[in-house]
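Protein chains in written order, with our numbering: chain A, 1 to 350; chain B, 1 to 350.
Because the hints were derived from the structure by calculation, they are not lab data.
A couple of the hints might just be wrong.
For chains that are exact copies, the list does not tell them apart, and a pair is met inside one copy or across any two.
[Unchecked claim] In silico SDA-like cross-links for lysine to any residue, where the CA-CA straight-line distance does not exceed 25 Å:
| # | residue 1 | residue 2 |
| --- | --- | --- |
| 1 | 201 | 127 |
| 2 | 201 | 154 |
| 3 | 20 | 46 |
| 4 | 207 | 86 |
| 5 | 201 | 133 |
| 6 | 204 | 151 |
| 7 | 251 | 46 |
| 8 | 251 | 302 |
| 9 | 155 | 181 |
| 10 | 155 | 144 |
| 11 | 80 | 335 |
| 12 | 80 | 8 |
| 13 | 155 | 205 |
| 14 | 207 | 343 |
| 15 | 20 | 82 |
| 16 | 264 | 127 |
| 17 | 264 | 176 |
| 18 | 204 | 152 |
| 19 | 201 | 85 |
| 20 | 64 | 54 |
| 21 | 155 | 179 |
| 22 | 201 | 77 |
| 23 | 67 | 102 |
| 24 | 201 | 156 |
| 25 | 207 | 147 |
| 26 | 348 | 289 |
| 27 | 201 | 82 |
| 28 | 204 | 29 |
| 29 | 204 | 156 |
| 30 | 9 | 216 |
2 protein chains.
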Amino acid sequence: MNESSSPTKILMTLGQEIVKALHERRFPMLEIPDRRTSNIVFDEDSNSYVLGPSRNIRDSSNVKHVKRFAQLTWVASFAKNLLQASRTSSLRDLYYSSEAFGVGFTDQSESDRIVTDLECVTGLPRESFGIYPEEHSSIYGEAVMRYTVSGYEGKEIDLTISPDGLPVGPALMTAEPLESNAEVVLAVESGGMFSRLIETKAWKRFKAVLIQLGGQPPRSIRRLMRNLHVTLDLPVYIFTDGDPWGMHIAKVITSGSANSAHIKDLTIPHAKWIGVTPDDIIQYSLPTEPMSNADLKRLDELSRDVRYSESEWQTHIQQFKKIRIKAEQQAFSRFGMDYVVDAYLSTKLD
Amino acid sequence: MNESSSPTKILMTLGQEIVKALHERRFPMLEIPDRRTSNIVFDEDSNSYVLGPSRNIRDSSNVKHVKRFAQLTWVASFAKNLLQASRTSSLRDLYYSSEAFGVGFTDQSESDRIVTDLECVTGLPRESFGIYPEEHSSIYGEAVMRYTVSGYEGKEIDLTISPDGLPVGPALMTAEPLESNAEVVLAVESGGMFSRLIETKAWKRFKAVLIQLGGQPPRSIRRLMRNLHVTLDLPVYIFTDGDPWGMHIAKVITSGSANSAHIKDLTIPHAKWIGVTPDDIIQYSLPTEPMSNADLKRLDELSRDVRYSESEWQTHIQQFKKIRIKAEQQAFSRFGMDYVVDAYLSTKLD
Numbered sequence: 001m002n003e004s005s006s007p008t009k010i011l012m013t014l015g016q017e018i019v020k021a022l023h024e025r026r027f028p029m030l031e032i033p034d035r036r037t038s039n040i041v042f043d044e045d046s047n048s049y050v051l052g053p054s055r056n057i058r059d060s061s062n063v064k065h066v067k068r069f070a071q072l073t074w075v076a077s078f079a080k081n082l083l084q085a086s087r088t089s090s091l092r093d094l095y096y097s098s099e100a101f102g103v104g105f106t107d108q109s110e111s112d113r114i115v116t117d118l119e120c121v122t123g124l125p126r127e128s129f130g131i132y133p134e135e136h137s138s139i140y141g142e143a144v145m146r147y148t149v150s151g152y153e154g155k156e157i158d159l160t161i162s163p164d165g166l167p168v169g170p171a172l173m174t175a176e177p178l179e180s181n182a183e184v185v186l187a188v189e190s191g192g193m194f195s196r197l198i199e200t201k202a203w204k205r206f207k208a209v210l211i212q213l214g215g216q217p218p219r220s221i222r223r224l225m226r227n228l229h230v231t232l233d234l235p236v237y238i239f240t241d242g243d244p245w246g247m248h249i250a251k252v253i254t255s256g257s258a259n260s261a262h263i264k265d266l267t268i269p270h271a272k273w274i275g276v277t278p279d280d281i282i283q284y285s286l287p288t289e290p291m292s293n294a295d296l297k298r299l300d301e302l303s304r305d306v307r308y309s310e311s312e313w314q315t316h317i318q319q320f321k322k323i324r325i326k327a328e329q330q331a332f333s334r335f336g337m338d339y340v341v342d343a344y345l346s347t348k349l350d
Numbered sequence: 001m002n003e004s005s006s007p008t009k010i011l012m013t014l015g016q017e018i019v020k021a022l023h024e025r026r027f028p029m030l031e032i033p034d035r036r037t038s039n040i041v042f043d044e045d046s047n048s049y050v051l052g053p054s055r056n057i058r059d060s061s062n063v064k065h066v067k068r069f070a071q072l073t074w075v076a077s078f079a080k081n082l083l084q085a086s087r088t089s090s091l092r093d094l095y096y097s098s099e100a101f102g103v104g105f106t107d108q109s110e111s112d113r114i115v116t117d118l119e120c121v122t123g124l125p126r127e128s129f130g131i132y133p134e135e136h137s138s139i140y141g142e143a144v145m146r147y148t149v150s151g152y153e154g155k156e157i158d159l160t161i162s163p164d165g166l167p168v169g170p171a172l173m174t175a176e177p178l179e180s181n182a183e184v185v186l187a188v189e190s191g192g193m194f195s196r197l198i199e200t201k202a203w204k205r206f207k208a209v210l211i212q213l214g215g216q217p218p219r220s221i222r223r224l225m226r227n228l229h230v231t232l233d234l235p236v237y238i239f240t241d242g243d244p245w246g247m248h249i250a251k252v253i254t255s256g257s258a259n260s261a262h263i264k265d266l267t268i269p270h271a272k273w274i275g276v277t278p279d280d281i282i283q284y285s286l287p288t289e290p291m292s293n294a295d296l297k298r299l300d301e302l303s304r305d306v307r308y309s310e311s312e313w314q315t316h317i318q319q320f321k322k323i324r325i326k327a328e329q330q331a332f333s334r335f336g337m338d339y340v341v342d343a344y345l346s347t348k349l350d
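Based on the sequences and whatever the hints tell you, model everything.
What follows is the structure, given as structure tokens:
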């Protein structure tokens, strides 16, 4: 990253513009991309959702804007302090840190929203400022990463060092992939499946770096997966529960989510959802549950979603609507503990 | 562990007794300790909850009992297969594995209950059979553990290897503490605080092995904490949110929970709750929230709980009832990112 595009530099430029306006006795104002759904468009090139051209002006001379304007400058200054001290903060800590400054966040959802504003203004994800949520995913497999965080700079870690996997926190998320004996990244939805694949040495058999998504995954793991995909040229496969929610986990990884449409370099268009597809549910005679009303409603929403416009995805949706049943990825245990590896995954990954 | 008390041996003896009864044309029956609250008593010696003398008979000649009897024998056989294959299973996988055998669990809560029955019958925790829940806590600090799980036997791991911490899954939970430069174990409720204490090198300053509990902690981490406490002689301090739920996290660590009253060697009677106490909330002028009705109801329940009979705990409860406000452990961030370490913890741990 060159000097002028470094997060610190970008924050300083933002601050200098505000100070300059004040010196010239103008009310400073900021242009913020409009994040409403109406301004989210599908970008064919990157196969992901991005923000359209619509902009909002946040004008400090407007009483309705001035509070959010001030909150944004406080968050920017908090971020700059983090960077200068080589420190990180959770979103929760940021919220509490604000209390001493009277910037008046009524709750954490408000400060989270201002953090997103700062992302939009600067074009940088909060992670570049050292601001993270608390959720963690896990990783395991034959790859070596090199840390860049303070105190661990240059240290290498083998991702098979801990048989329970490694959590993907700020340190691993910002580490550089160095080398790998693996040939694929295999992301799975549940912790149980992740442990199963470690224990049965499925990672060895499939030459896979295993990722535990833990439901709809935090950005950190999406970024790390993309990093492995791009840097080490590993294809990404996603194995989730067989229901609309599992399918959408895969879709967000491939094409992005509305909530992170303003963040670049987060999607993996060529990642592939391997199941559990509605076809698999029938073909493998899996134990199932009937779909709830919420499941069916979700299917309707997804069928109208532009991200699902390809015929392959529409077919999945129509099949789910027809069978009206769902199955967890762990349902394969019905046929024995190793069946999911020996039969299902070995067919899917071939 | 000697041969006759090994989990496999205990399961085999159980099976042999059932088979013997059948050969002698008797209906086999099992004695299971009564787990109702009325049979949970406080054991002064171990300062923890244990099951009292009341027993239930599960009689296979009784139509009302025969299904649960059969389910228990299936779970016992599943456990024996796990042990023989040196494998583990999540509670969820166990539930799905049962589907092929027609043992008729209506949902996972039913199979979980039968697993607890097996614990009571054998006197062994499910972990001895390789059966685990999915939740994980994390650990970080200057200690070295030696793995005992298959594929990693004898391998040592330094608990500072990953700056994001290490998850405490089946492998680390069953590892042996070898040596440590640490002088205390410091358990904290939230992931944000855990990351903060790693990053600020508080573990070095306080010579602490850090534990992230993640709310009311799974048994695995309670067992690992006890293991560090007993094997390496490290005192245990617990730092939670300042509310009835945080206080009770500490109480379960020191004195046990009703749900695990049948499991031995899980409590740490000398572990100490360092806060956030109601006193701290006032003294440090922390940002607070008013208590909800659920919080106040919980305080009432705790005030009548025999585990809280010591005057120190009753004082905390009465103070909470008086101030009717609560504070998160991350509320210290109000005074700056390092305040919790520089001011609060250094006072508390001195």
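Hint-by-hint comparison with the structure:
In this assembly of identical chains, the alpha carbons of residue 201 and residue 127 lie at most 25 Å apart only when taken from different copies (21 Å versus 33 Å within one copy). In this homomeric assembly, residue 201 and residue 154 come within 25 Å of each other (Cα to Cα) only across copies, at 18 Å, whereas the closest approach inside a single copy is 29 Å. Neither within a single protomer nor between protomers do residue 20 and residue 46 lie at most 25 Å apart by alpha-carbon distance, with minima of 37 Å and 69 Å respectively. Taking CA atoms no more than 25 Å apart as the test, residue 207 paired with residue 86 passes between copies only; the shortest distance there is 22 Å, against 36 Å inside one copy.
Taking identical chains as interchangeable, the C-alpha atoms of residue 201 and residue 133 lie at most 25 Å apart only when they sit on different chains, with a minimum of 20 Å there against 31 Å within one chain. For the identical chains of this complex, residue 204 and residue 151 are inter-copy neighbours only, at 12 Å across copies versus 32 Å inside a copy, given an alpha-carbon limit of 25 Å. Proximity of residue 251 and residue 46 under a CA criterion of 25 Å is satisfied intra-copy only: 14 Å inside one chain copy versus 52 Å between copies. In this assembly of identical chains, residue 251 and residue 302 lie within 25 Å of each other by CA distance solely inside one copy; the values are 10 Å within and 46 Å between copies.
When the C-alpha separation of residue 155 and residue 181 is checked against a cutoff of 25 Å, the pair qualifies both within a copy, at 19 Å, and between copies, at 21 Å. Both within a single protomer and between protomers do residue 155 and residue 144 lie at most 25 Å apart by alpha-carbon distance, with minima of 10 Å and 18 Å respectively. Taking the shortest Cα distances, residue 80 and residue 335 sit within 25 Å of each other only across copies (18 Å), while inside one copy they are farther apart (54 Å). Only within a single protomer do residue 80 and residue 8 lie at most 25 Å apart by alpha-carbon distance; the minimum there is 6 Å, versus 58 Å between protomers.
For the identical chains of this complex, residue 155 and residue 205 are inter-copy neighbours only, at 22 Å across copies versus 28 Å inside a copy, given an alpha-carbon limit of 25 Å. In this homomeric assembly, residue 207 and residue 343 come within 25 Å of each other (Cα to Cα) only inside a single copy, at 16 Å, whereas the closest approach across copies is 49 Å. For a Cα distance limit of 25 Å, the shortest separation of residue 20 from residue 82 inside one copy, 24 Å, qualifies, whereas the shortest one across copies, 69 Å, does not. Taking identical chains as interchangeable, the C-alpha atoms of residue 264 and residue 127 lie at most 25 Å apart only when both belong to the same chain, with a minimum of 12 Å there against 44 Å between chains.
In this assembly of identical chains, the alpha carbons of residue 264 and residue 176 lie at most 25 Å apart only when taken from the same copy (18 Å versus 44 Å across copies). In this homomeric assembly, residue 204 and residue 152 come within 25 Å of each other (Cα to Cα) only across copies, at 15 Å, whereas the closest approach inside a single copy is 28 Å. Within a single copy, residue 201 and residue 85 get their C-alpha atoms only as close as 41 Å, which misses the 25 Å cut-off; across copies the closest is 14 Å, which meets it. In this homomeric assembly, residue 64 and residue 54 come within 25 Å of each other (Cα to Cα) only inside a single copy, at 20 Å, whereas the closest approach across copies is 68 Å.
With identical chains, the CA atoms of residue 155 and residue 179 are at most 25 Å apart both within one copy (14 Å) and between copies (23 Å). For the homomeric pair residue 201 and residue 77, the shortest alpha-carbon distance between copies (24 Å) is at most 25 Å, but the shortest distance inside one copy (47 Å) is not. When the C-alpha separation of residue 67 and residue 102 is checked against a cutoff of 25 Å, the pair qualifies only within one copy, where the shortest distance is 11 Å, while the shortest distance between copies is 63 Å. Within a single copy, residue 201 and residue 156 get their C-alpha atoms as close as 23 Å, and across copies as close as 20 Å, so both meet the 25 Å cut-off.
Taking CA atoms no more than 25 Å apart as the test, residue 207 paired with residue 147 passes in both settings, with 23 Å inside one copy and 24 Å between copies. Proximity of residue 348 to residue 289 under the C-alpha cut-off of 25 Å is restricted to the intra-copy arrangement: shortest distance 23 Å within a copy versus 51 Å between copies. In this assembly of identical chains, the alpha carbons of residue 201 and residue 82 lie at most 25 Å apart only when taken from different copies (16 Å versus 41 Å within one copy). When the C-alpha separation of residue 204 and residue 29 is checked against a cutoff of 25 Å, the pair qualifies neither within a copy, at 55 Å, nor between copies, at 45 Å.
Taking the shortest alpha-carbon separations for residue 204 and residue 156, both the intra-copy value of 21 Å and the inter-copy value of 21 Å come in at or below 25 Å. For the homomeric pair residue 9 and residue 216, neither the shortest alpha-carbon distance inside one copy (33 Å) nor that between copies (43 Å) is at most 25 Å.
Checked against the numbered hints above, the structure breaks hints 3, 28 and 30 and satisfies the rest.
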